[in-house]
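Peer 1: Read off the chains here:
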Amino acid sequence: AQTVTQSQPEMSVQEAETVTLSCTYDTSESDYYLFWYKQPPSRQMILVIRQEAYKQQNATENRFSVNFQKAAKSFSLKISDSQLGDAAMYFCAYSTQGGSEKLVFGKGTKLTVNP
Amino acid sequence: NAGVMQNPRHLVRRRGQEARLRCSPMKGHSHVYWYRQLPEEGLKFMVYLQKENIIDESGMPKERFSAEFPKEGPSILRIQQVVRGDSAAYFCASSPWRTGEGELFFGEGSRLTVL
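These protein sequence lines map, in sequence, to chains A and B.
The numbers in this note's numbering rise by one with no breaks, and the one at position 8 of the first sequence is 8.
Going from the second sequence to this note's numbering is simple: count from 1 and add 115.
No false leads were mixed into what you were given.
Heads up, incomplete: computed chain B residues facing chain A, CB under 10 angstroms, no partners named: (1) V119; (2) Y150; (3) Q152; (4) E155; (5) L158; (6) D171; (7) S173; (8) G174; (9) A204; (10) F206; (11) E218; (12) F221; (13) E223; (14) R226.
Below 35 angstroms or equal to it, Euclidean Cα-Cα: the simulated DSBU-like pairs (lysine-lysine) are: (15) K177/B to K110/A; (16) K107/A to K177/B; (17) K142/B to K177/B; (18) K166/B to K177/B; (19) K55/A to K142/B; (20) K107/A to K166/B; (21) K177/B to K73/A.
The hints are simulated quantities; they were obtained by calculation from the structure and are not laboratory data.
For glycine and all other residues, C-beta sits at the position ideal for the given N, C-alpha and C.
Chain A on its own, in the form it takes in the complex (with noise of 0.2 angstroms):
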């Protein structure tokens, strides 16, 4: 069965720095999809960014950005120039590429930004 682990309940960064937020995965697959959502305190689920595991190139979407590392099952978030709206649960997640979007989920972490 595929599990995602997030080693880092809790992290915290100054406004306008930068932090990366750690996952890590174990599928069997060769093909599949990993996504970071963001939960903020209303705690309506929004998607952030998306990588598909056949791309080589790491996703960007404007001050988020992924480092994948498919051997090491690594897939890690960046936030640039961090703003105390990203403030939020962060959930990496899995899904097997063609199948249902039926995500694994990893515990979250806890992203607390300081003015």
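Dock chain B against chain A, hints included.
Peer 2: The following block gives chain B in isolation, referenced to the frame of chain A:
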């Protein structure tokens, strides 16, 4: 375009009562997913439905839990004879089709408290 709507946002039940959680997917979305989030945990997949069909219920407890997505109306997650361990946030998500690409649109969740 309204997002995924869940109600009630908060529900309190005594042990042995029934809980019904409702989810209206985004307009044009015919695929619905239910996830459960226990305290300090990530989301866990419960069930995947299309209109009038249960596609995958591998994450659903075998007893007391049921889900439906009728031709008309919202999807319903029903928990009979609730126990304290059912206390959790229940999230609904929808997608327009089964893409295998994993992008889901989440509601704000329903928090069930069992006394």
